[in-house]
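Protein sequence lines, in the order shown, are assigned to chains A and B.
First residue of the first sequence: 1, per my numbering; consecutive thereafter.
First residue of the second sequence: 1, per my numbering; consecutive thereafter.
Among the hints, a few may not be true.
To give an idea of the chain A side of the interface with chain B (calculated C-beta under 7 Å), a few residues [said to hold, decoys possible]: (1) 6; (2) 10; (3) 11; (4) 15; (5) 19; (6) 21; (7) 22; (8) 220; (9) 221; (10) 223; (11) 228; (12) 229; (13) 230; (14) 232.
Okay, the calculated beta carbon distance ranges per label pair [what the hints assert, rightly or not]: (15) B:131 x A:334: 33 to 39 Å; (16) A:462 x B:56: 32 to 38 Å; (17) A:639 x B:56: 49 to 55 Å; (18) B:165 x A:458: 49 to 55 Å; (19) A:27 x B:56: 55 to 61 Å; (20) A:320 x B:23: 47 to 53 Å; (21) A:18 x B:58: 37 to 43 Å; (22) A:328 x B:165: 53 to 59 Å; (23) B:85 x A:511: 55 to 61 Å; (24) A:427 x B:10: 41 to 47 Å.
In silico negatives: residues of chain B with every beta carbon more than 10 Å from chain A [stated by the list, open to error]: (25) 54; (26) 92; (27) 104; (28) 111; (29) 112; (30) 116; (31) 119; (32) 166; (33) 233.
No wet-lab data here; the hints were simulated from the structure.
Cβ coordinates follow ideal geometry from the N, Cα and C atoms, glycine included.
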Amino acid sequence: MTTIRWSRVAVVALKELHDMLRDRRTLLMMVLVPALLYPLGGVALSQLARSAMDRIDRQGYVVAIQGPLEPLRAALLRQPGLHAQLVSNAEAALRTDREPAALGLRVHRSEVELPGGRGEQLAVEILYDEASPRSRAGLVRLRKALEAEAEARRSERLAQLQLSPQQITPLVLKERSITSETRAALTQLAPALAILLILLSLMGAFYPAIDLIAGERERGTLEPLLCTPTSRLEIAAGKYVCLAVLALGTCILNLVALSLTTGLLLRNADPPLSLPPLQAALLLLAATPVLLLVSALLLLAAAFAQSFKDAQNLMTPVYLACLLPALAGLVPEQHLSSGLALVPVLSSVLFIKDLLGGSLKLLPGFVAVASGLFYAALAVALAARVFEHAEISGARRVEHGVAALTAQDPDGRRRFTLTGALGVYGLCLALMLHVAPRLQGWNLRLGLLLTEVLLILTPALLALRLGHVPLREGLGLAPITARQAAGAVLVGMGGLGLALWLFRFVLQPLLEPPAEYMRLLDALRPRGTKQLLVLLGIGAILPAVCEESLCRGLLLQAARRTLGRRAAVALSAFLFALLHVDPYRFSMVLLLGCLLGLAAVWAESILASALIHAVNNTLALALGDMLDACLARPGATVHLALLGTAALGLGLGLLLLRPHPRTGRMG
Amino acid sequence: MNRPAVELRHISHRYGSFLALDDVSLSVRAGQVYGLLGPNGAGKTTLLRILSTLLRPTSGSAWVLGLDVQAEPEAVRHRIGVLTAGSGLYDRLTPRETLRYFLRLHGLSRRDAEDRAAAALARFGLESFADRPCASLSTGQRQRVLLARALAHDPEVLILDEPTSGLDVVAARGIHALVAEARACGRAVLLSSHDMLEVELLCDTVGILDGGRLRAEGSVAELRQRSGRDKLAEVFLHYLETTA
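Sequences are here, hints too, so could you generate the full structure?
Spelled out as structure tokens, the structure:
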């Protein structure tokens with residue numbers, strides 16, 4: 001086992017920090033941006049909003065009145081800024097391009113019977129443009145004017161009838177918000193603030209991440225560093241510590257700037273804003289896991305870069321990929337639950353949103369921090385693994401760089417590089433996102449067949465053909481023994497048990513299955529033997545062939561040469577889960593992907609993983625109804641049955657699949 | 001009999017389909033300066049990178065001071081000083097900070113690294129610009145810092161890839177003096193160069209590498225005698241032409 005000398009890690013980390021803090025770009029991103037952005041942005045935005053409102057107020061609000069003007073003229077004149085204008089069509093006056101009116105009124109005068117005779121009644125319809133700030137601002141004034149007029153007329157009518165307002169008010173309504181204006185304003189700003197905080201904090205680590213590896217390569221300092229008796233793991237750890245410290249430091253500076261800005265400059269804004277130190281500290285706690293995770297991912301991406309440009313090309317998608325789950329936090333009424341707390345990045349955004357909105361619950365908050373730290377640890381382990389690999393951290397020839405899609409092994413055989421395999425996968429994923437829904441929407445079963453064959457298998461095979469990579473090597477195709485085949489069947493059965501248990505007892509209680517997912521399950525339920533056979537072909541055999549060719553074939557075979565076995569299995573499982581484009585089933589598919597990857601590596605053949613895949617899907621399709629009936633009766637027996645099947649199948653199956661000790665370690 | 005300080009046996013290395021080194025064997029004794037001569041792409045840098053533990057050979061074995069470079073790379077790195085072609089410096093650090101950093105990576109305590117860095121600055125004549133950022137140094141000054149960085153931890157074997165490339169005569173003479181001093185101190189030096197005069201002046205043994213193969217090996221006098229040529233440049237061309 002590799003030991004790590006923390007004193008060496010500290011030497012590397014301190015030197016990197018020392019070096020980075022002398023870099024103007026890093027300082028600019030870390031200190032100047034938050035120091036200037038928040039106060040300038042806060043003051044400027046609040047002043048701009050105020051001045052825009054003042055300008056609108058000065059120009060006034062033209063109210064186009066359709067119908068009798070006289071009864072309302074006095075009321076409108078009493079409210080400053082409102083200018084009445086008699087028109088034949090109020091809506092047209094609002095819709096016109098040339099100097100449109102801010103508001104419209106349709107007035108109908110009628111008479112009503114009263115105890116002492118007849119009285120006038122006005123029915124007023126207000127027209128306004130929700131998309132126009134002028135119209136919205138004028139609406140507030142107009143409503144005020146009309147409500148005052150209505151109140152005056154009501155009082156006059158009551159006096160005529162010799163009644164008091166209390167006598168005709170059996171129900172008194174009052175509204176009072178229990179949230180302070182500050183909290184309400186923070187709640188509205190929270191999602192944007194959370195995303196801004198995370199993105200700005202990561203910007204503090206972005207350029208240093210490029211400089212730490214690609215910069216060293218370009219300056220020619222990486223080789224001398226690798227020639228010192230300090231392990232690559234220690235160097236990577238030192239660099240990671242530096243990145244994490246910079247990201248956290250930037251976050252702290254952002255929070256301090258935000259806290260000072262709200263405390264000093266926006267205290268008297270409308271609405272007033274303030275961020276007390278305790279809340280700022282909790283925000284740091286929420287942001288820490290995502291900053292640690294993304295710092296590791298940035299380091300991981302940077303490790304593959306040969307130059308600054310390469311690093312920017314590799315790291316920008318990582319940076320943007322972090323933005324996607326963060327954006328989901330903008331969805332209204334989306335709160336942190338124990339289920340969503342498991343989604344990286346999104347959990348931190350929701351944590352911050354709920355914290356600022358005052359609705360944060362303890363358990364989901366704890367799960368969010370714990371799971372975030374767990375993902376960060378995984379990413380750090382992966383980055384360390386990549387660094388330990390000689391081909392990554394050592395200098396490489398240009399033909400092995402990012403630009404090369406295929407390379408030649410020392411024995412002369414061509415193979416796909418990880419970059420090439422990821423390129424093919426990216427194409428398949430794009431097809432899955434854009435074409436697959438249309439195909440399956442047109443005809444579900446035929447669409448599924450075409451998806452597997454045309455969108456997954458064909459690109460993979462075509463890439464191998466065009467890259468002159470032999471099918472056998474490119475896909476990792478090799479015969480398997482009867483013992484391995486038996487192991488694969490057992491793993492397939494155990495895997496299904498584990499996936500079902502996860503679905504029934506972990507996923508379902510945390511997140512309600514989406515209706516679309518339930519509809520798909522129902523559509524794939526066989527009704528009769530003939531349908532079952534068709535569905536087995538489409539839903540079990542084809543995925544086993546097509547998805548395995550891409551994920552355990554092309555991807556895993558390319559990744560294991562660059563990343564090593566464990567990281568390659570993890571990466572292929574992640575991409576396999578992503579390929580299914582189904583956030584709800586992501587964790588289940590990820591788990592299955594890990595088992596399939598492990599089997600392919602241990603058996604040195606994708607036939608083993610294809611067999612597991614086929615058995616798993618076959619059992620799920622054939623026994624669907626029976627499994628549903630069993631799972632509908634929750635209880636300890638079902639728990640035990642599922643976990644027992646899973647443990648037995650996986651235990652025995654993996655034992656049979658394990659490489660024979662005499663043949664040594666494989667992969 | 002003492003084992004050579006550097007020993008390569010049947011080393012081959014491929015970059016994809018390109019065979020960079022083909023069954024190369026050589027050895028360097030302590031107190032010996034071995035010069036590698038060869039045209040561009042001959043495999044000199046690949047060979048030095050294998051010895052520096054930066055590359056794993058496709059086949060063959062290499063030892064430094066009896067340590068297997070593949071099995072014990074870290075122990076090897078403790079005892080070698082490497083100056084690779086195209087080596088650079090951290091522009092924002094000073095020479096003193098650079099030396100201190102690398103000495104600490106060699107396991108020295110903060111105080112020892114400080115003392116050793118000060119000694120190296122004096123020994124390599126870097127004191128006048130010791131506290132200026134490396135970005136502001138001239139090419140010659142940078143090369144001296146690079147050499148000081150490679151030698152500051154007092155290595156027993158020096159691996160120098162074109163150490164005087166791009167230097168003026170004065171700076172190159174300084175490097176030559178350091179190599180001579182290392183030999184006098186009993187260190188083994190393996191260097192690559194394109195400069196025939198430099199090789200003739202410094203090297204006890206010369207190996208001519210071409211197309212990944214060691215075409216000839218011996219002292220300058222032996223190579224002259226065997227080839228029947230007077231000048232080392234002519235000897236070099238003779239071996240390239242006869243083996244082409």
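Exercise for the section: Find the hints from earlier in the document that the structure breaks and name them by number, from lowest to highest. Expected result: 1, 2, 6, 14, 15, 19, 25, 26, 27
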